[in-house]
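Q: One letter stands for each residue in the lines below.
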Amino acid sequence: MLTRLYKLFLHLYPVQCRSAFGSEMVSVFQQARADARQKHMGHRIAFCVREFSGLIGDAFQVQMQTARSCPEPWVWSLEAPFAALLLFGFCVWRAEEMGIWGFFFPGTYVLVAGIGGLAAWMIGRNCTFMRSWHHWKRGMAILAVFALILPIVTWGVEESWARFLLARQAAFTYQIPGVDVVIEQGAAPQNRQPGLTFSRYLMDAHGHTMTMFHHTGGDTPLYLFYGAMLTAMVAFWSRRTTAPR
Amino acid sequence: MRYGVERHNEKDASVEPLSEAVLLILLSLAEQPRHGYSVLKDVEEMSDGRVILSTGTLYGALRRLLGDNWIERFEEDEVSRDRHAYRLTPAGKKRLQTEVARMKHLTRLAALRVSPRGI
Chain L
1 MLTRLYKLFL
11 HLYPVQCRSA
21 FGSEMVSVFQ
31 QARADARQKH
41 MGHRIAFCVR
51 EFSGLIGDAF
61 QVQMQTARSC
71 PEPWVWSLEA
81 PFAALLLFGF
91 CVWRAEEMGI
101 WGFFFPGTYV
111 LVAGIGGLAA
121 WMIGRNCTFM
131 RSWHHWKRGM
141 AILAVFALIL
151 PIVTWGVEES
161 WARFLLARQA
171 AFTYQIPGVD
181 VVIEQGAAPQ
191 NRQPGLTFSR
201 YLMDAHGHTM
211 TMFHHTGGDT
221 PLYLFYGAML
231 TAMVAFWSRR
241 TTAPR
Chain Y
246 MRYGVERHNE
256 KDASVEPLSE
266 AVLLILLSLA
276 EQPRHGYSVL
286 KDVEEMSDGR
296 VILSTGTLYG
306 ALRRLLGDNW
316 IERFEEDEVS
326 RDRHAYRLTP
336 AGKKRLQTEV
346 ARMKHLTRLA
356 ALRVSPRGI
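Here the protein sequences line up with chains L and Y, keeping their order.
Just so you know, we're using this note's numbering here: the first sequence kicks off at 1 and counts up by one.
Just so you know, we're using this note's numbering here: the second sequence kicks off at 246 and counts up by one.
Hints are supplied without guarantee of correctness; some may be wrong.
Selected chain L positions facing chain Y (Cβ under 7 Å, derived; list incomplete) [claimed, not checked]:
(1) V28
(2) L55
(3) Y109
(4) A113
Keep in mind the hints are simulated off the structure, nothing from the lab.
Backbone N, C-alpha and C define an ideal beta-carbon position, used for all residues, glycine too.
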């Protein structure tokens, strides 16, 4: 079980590194584990924590190192995070019809960035499954993955977040330049400054109500700036490590 | 007009003091060529259990040492399995000697400056 988990975590490393050292690392892990088994429980727990934290930390370092030394221009890594943002933008645009919101919870942005990066890493040439795929097929795969995963995750996360707040009758607010989100109990309408305001009204079985407001000054360039920054960040993080196409 | 930019903030690995883990790994390989698990156990033994490396940390260090050309990787002859061992290169031996000399100097200095009466 632990060895399987260890092998799974080895996938955090770039392919080249994994193929060069992976089997050797598993072999050393198995020997160290056999040693740890003969000792008391505390020692075994410490062994597991040390091994997995060491593995994750080292894999992260290797990924960052390969990203920094990647000979390929980082713009080639834009497709997946850009697709993520495009789809997220579409969800926001059609939020009311689709029932998928996403922008009331700040964590959604991080989630979109995370999924974008993960998909770029998986679908990019770093992933052995799709390494030999043609460019357009990879693009289709990206869209398919996002079209399925992103809306579901966005909906799930925000719905849980909203239900959590509603059940506890809690309020929440966050602000970033140009964006103002207020979640408050009750159904009182708010008079806000001119601009674009989305609002969502929720009611549970006990009759508790909650209203969520998302207000912007209608400042599109600001959104574009945030989007571009996020895309560039994710693209850098998920840079390819193999030869250019 | 053309101009070039040189980076001066890069650390030079050949003059930077070694971390304890790396020093112990080099010391372990100085005695004889070893495979990964043997290095792991030897480091633990040399440090009296104070430095316990995880597999990830060990291989991270080994990769860096391979990159710096201080150690080399080879297949063990007597074992048919896909098992690699590591040994010091002449550059690695030289680096280790420099580090040991640096530490000796520090120890001498410490002995002179911090006398038992002074503590």
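Q: Does the structure break any of the earlier hints, and which numbers would those be?
A: When the structure is compared with the hints, numbers 3, 4 turn out to be violated.
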